[in-house]
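**Q** The primary structure of each chain is shown beneath.
Protein chains: 2
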Amino acid sequence: MNNIAYYNPTKVISGEGCVKNFQNFRDFGKSALIVCSHSAARISGALDDVRLLLNNAKISFEIFDKIEQNPFVETCYEAGALAREIKADFIIGIGGGSPLDAAKAVAVFAMYPDYEPEDIFKVEFTKALPVIAIGTTAGTGSEVTQYSILTVRSIENKKSVASPLLFPKIAFLDPVYTHTLPFESTIATAIDALCHAIEGYFSLKADEVSDALAEKAIEIVGRGLISLTRGKLDTDLRQSLLYGSTIAGMVIAQTGTGFVHAAGYPLTYFDGIPHGTANSYFIADFLEYMSLAREDKEKKIYKLMGISNMNDFRSLIDIAVPNRITLTREKAQQYTKSVCASRHLTSSVFTVNEEIIYDIYKQYVK
Amino acid sequence: MNNIAYYNPTKVISGEGCVKNFQNFRDFGKSALIVCSHSAARISGALDDVRLLLNNAKISFEIFDKIEQNPFVETCYEAGALAREIKADFIIGIGGGSPLDAAKAVAVFAMYPDYEPEDIFKVEFTKALPVIAIGTTAGTGSEVTQYSILTVRSIENKKSVASPLLFPKIAFLDPVYTHTLPFESTIATAIDALCHAIEGYFSLKADEVSDALAEKAIEIVGRGLISLTRGKLDTDLRQSLLYGSTIAGMVIAQTGTGFVHAAGYPLTYFDGIPHGTANSYFIADFLEYMSLAREDKEKKIYKLMGISNMNDFRSLIDIAVPNRITLTREKAQQYTKSVCASRHLTSSVFTVNEEIIYDIYKQYVK
Numbered sequence: 000m001n002n003i004a005y006y007n008p009t010k011v012i013s014g015e016g017c018v019k020n021f022q023n024f025r026d027f028g029k030s031a032l033i034v035c036s037h038s039a040a041r042i043s044g045a046l047d048d049v050r051l052l053l054n055n056a057k058i059s060f061e062i063f064d065k066i067e068q069n070p071f072v073e074t075c076y077e078a079g080a081l082a083r084e085i086k087a088d089f090i091i092g093i094g095g096g097s098p099l100d101a102a103k104a105v106a107v108f109a110m111y112p113d114y115e116p117e118d119i120f121k122v123e124f125t126k127a128l129p130v131i132a133i134g135t136t137a138g139t140g141s142e143v144t145q146y147s148i149l150t151v152r153s154i155e156n157k158k159s160v161a162s163p164l165l166f167p168k169i170a171f172l173d174p175v176y177t178h179t180l181p182f183e184s185t186i187a188t189a190i191d192a193l194c195h196a197i198e199g200y201f202s203l204k205a206d207e208v209s210d211a212l213a214e215k216a217i218e219i220v221g222r223g224l225i226s227l228t229r230g231k232l233d234t235d236l237r238q239s240l241l242y243g244s245t246i247a248g249m250v251i252a253q254t255g256t257g258f259v260h261a262a263g264y265p266l267t268y269f270d271g272i273p274h275g276t277a278n279s280y281f282i283a284d285f286l287e288y289m290s291l292a293r294e295d296k297e298k299k300i301y302k303l304m305g306i307s308n309m310n311d312f313r314s315l316i317d318i319a320v321p322n323r324i325t326l327t328r329e330k331a332q333q334y335t336k337s338v339c340a341s342r343h344l345t346s347s348v349f350t351v352n353e354e355i356i357y358d359i360y361k362q363y364v365k
Numbered sequence: 000m001n002n003i004a005y006y007n008p009t010k011v012i013s014g015e016g017c018v019k020n021f022q023n024f025r026d027f028g029k030s031a032l033i034v035c036s037h038s039a040a041r042i043s044g045a046l047d048d049v050r051l052l053l054n055n056a057k058i059s060f061e062i063f064d065k066i067e068q069n070p071f072v073e074t075c076y077e078a079g080a081l082a083r084e085i086k087a088d089f090i091i092g093i094g095g096g097s098p099l100d101a102a103k104a105v106a107v108f109a110m111y112p113d114y115e116p117e118d119i120f121k122v123e124f125t126k127a128l129p130v131i132a133i134g135t136t137a138g139t140g141s142e143v144t145q146y147s148i149l150t151v152r153s154i155e156n157k158k159s160v161a162s163p164l165l166f167p168k169i170a171f172l173d174p175v176y177t178h179t180l181p182f183e184s185t186i187a188t189a190i191d192a193l194c195h196a197i198e199g200y201f202s203l204k205a206d207e208v209s210d211a212l213a214e215k216a217i218e219i220v221g222r223g224l225i226s227l228t229r230g231k232l233d234t235d236l237r238q239s240l241l242y243g244s245t246i247a248g249m250v251i252a253q254t255g256t257g258f259v260h261a262a263g264y265p266l267t268y269f270d271g272i273p274h275g276t277a278n279s280y281f282i283a284d285f286l287e288y289m290s291l292a293r294e295d296k297e298k299k300i301y302k303l304m305g306i307s308n309m310n311d312f313r314s315l316i317d318i319a320v321p322n323r324i325t326l327t328r329e330k331a332q333q334y335t336k337s338v339c340a341s342r343h344l345t346s347s348v349f350t351v352n353e354e355i356i357y358d359i360y361k362q363y364v365k
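Chains as they are written, first to last, in numbering that gives the first Met the number 0: chain A, 0 to 365; chain B, 0 to 365.
It is worth saying that the hints were derived from the structure and are not from the lab. Treat the hints with caution; some may be incorrect.
When the alpha-carbon atoms are kept at most 16 angstroms apart in a straight line, the in silico EDC-like pairs for lysine to aspartate or glutamate are as follows [unchecked claim]:
id: 1; chain 1: A; residue 1: Lys204; chain 2: B; residue 2: Glu15
id: 2; chain 1: A; residue 1: Lys336; chain 2: A; residue 2: Glu354
id: 3; chain 1: A; residue 1: Lys330; chain 2: A; residue 2: Asp270
id: 4; chain 1: B; residue 1: Lys86; chain 2: B; residue 2: Glu61
id: 5; chain 1: B; residue 1: Lys204; chain 2: A; residue 2: Glu15
id: 6; chain 1: A; residue 1: Lys86; chain 2: A; residue 2: Glu67
Okay, chain A solo, but in the shape it has when bound (with noise of 0.2 angstroms):
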């Protein structure tokens, strides 16, 4: 019996001025501890907004603004210790996809003072702060998802952990708060939503409910992506694109992700490229197998994208994403283990073998 679920328990709160115009931010608590990375929260004005409203509500508060990009477990563990200490009830998450999946982390070290940085991955947790996710990005989706995805050293490589304990209690969506974000992390960030999307769509846990979400945020992301692609990028952009990429969020948060993402982790470990760009490597490998399971999704994505195939799809990626590493053959070789040891393989419609990774790397070494 193959049962499908569909549960997602955030309460998204969208427009402009929507953290502003909050004023029940004291139904949390007394004390919150504010996740963040050094600039972006700053930059965005969103913690600004927050502090304010903050100290209007006699609500006491730190900030921790050391959230690194790709977050190590160890820094989170850090900043659960200060939680503890200032006794927050709440956490708030002002960022992208860093920051957020940090302060879930957080929220959860916060509860548990003999945890080591790894036991959060291999002790079940019963109880974390609630989480207010404030995004300064379009494209994690990390608003409206149960995932928190950290960096582990002793692996080598991202780990993730997932709980319905880590839904956001609200996330908010003010398209004001993207306007900073510069135009490269613009587009990086809005693959990462369209590969939420298609990854979602092709999901053996895909349906109807997480269907409609995902055609949704390719019709919106997918043609966003193609407009930034020639340049154009203005307030109604940022704001279609922020709501797309939460939108992806809710499917991933009901599917999880495919390969794409498994792929891309360790091009983010080893060699620095960001999360979005990275998956934009792999995304249209992983739309072209998907294709030989579900064609008539495969079209019906062209279709919502307003373009016509396969060979669209890929120059539209190139466009964006122009500039590729080169690996060496032992990387490739390396990393496509990597990807295998994962269960994003037998996750999809159509189920892909170690072989094929690694050919989809091999196009990478030159």
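With the hints as your guide, set chain B onto chain A.
**A** For chain B alone, coordinates are given in the frame of chain A:
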């Protein structure tokens, strides 16, 4: 500032056998009250499945099977007393919209021994027992909404209670339970679901998420209704209507309904017209008025349903519900007043006035 919120914490579990396969009823407690109508829960097979599961899990239970069509608030009040008597930890609603809406009200009454029946509309309640919803029709959407629509003798109409506490914890969608639903009820409930999707699509509270769901529901249920009018009704169609109607329910959980529902309620209360059938009287006019504000969405609806224009839409509804009652002029006037007393005239993208509502009713005065 027009901030939009999307929130739906109900876990949807779907697929053939999804109830039978569920092993976690015990998470909700040791004692349950099953709320259903006299026959549908039995005929569908759902009641037997649930009894077996509860027995196996050593959960004690009682069955309250006196829920009528368009349930009275007093009936729910009575069931609430029984829930207290057996110290129920949770409520299991089995059936169509009536038992599911009733189950939610029972969950509130169970917590408030001092309530009078109509207090549920007047006093803000802060607790309710958890509700598990098991659908046996494909229309209501109640399994994924925070609404309970009850019949109230004192106002001679239906009245709605809304609270986040009323979202069922789990909505089970097992298409097998809809197999025994008569053809006419299948048509009426499909129209109800289509109305949910269309009314929600034109709501002022609609956003990208609800639009994604509305479009999918319109596609599934709209095309399903067309098949029904051609006399087709097989297992696959049953299943897609069930999923489509739940998706439409997720839409109205965010947006609420429009004037179609408000206009239908008096026909149900005074003239005994089934809820979905009553809605069929008004949906085409609703669509025509809404197109004045959002012609793009009107056109999209036709495309999703695979029809060409308003004529096709009207024909479809006429074929689906060929016989309509005749109203007296007095009734048309009285019903118009009732609709105008609701908030449904101003909740959609195009605001209609009393005159328009009266004109719509007048079509049925002969």
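**Q** Run every hint past the structure and note whether it holds.
**A** We went through each hint and held it up to the structure:
1. A:Lys204 - B:Glu15: Roughly 15 angstroms separates the two Cα atoms, so the pair holds.
2. A:Lys336 - A:Glu354: Holds - the C-alpha atoms of Glu354 of chain A and Lys336 of chain A are around 10 angstroms apart, at most 16 angstroms.
3. A:Lys330 - A:Asp270: holds, 10 angstroms
4. B:Lys86 - B:Glu61: Distance of about 10 angstroms is within 16 angstroms: holds.
5. B:Lys204 - A:Glu15: It holds: about 15 angstroms lies between the C-alpha atoms, which stays within 16 angstroms.
6. A:Lys86 - A:Glu67: Violated, because 24 angstroms separates the two Cα atoms, which is more than 16 angstroms.
The structure does not agree with numbered hint 6 stated previously, though it agrees with all others.
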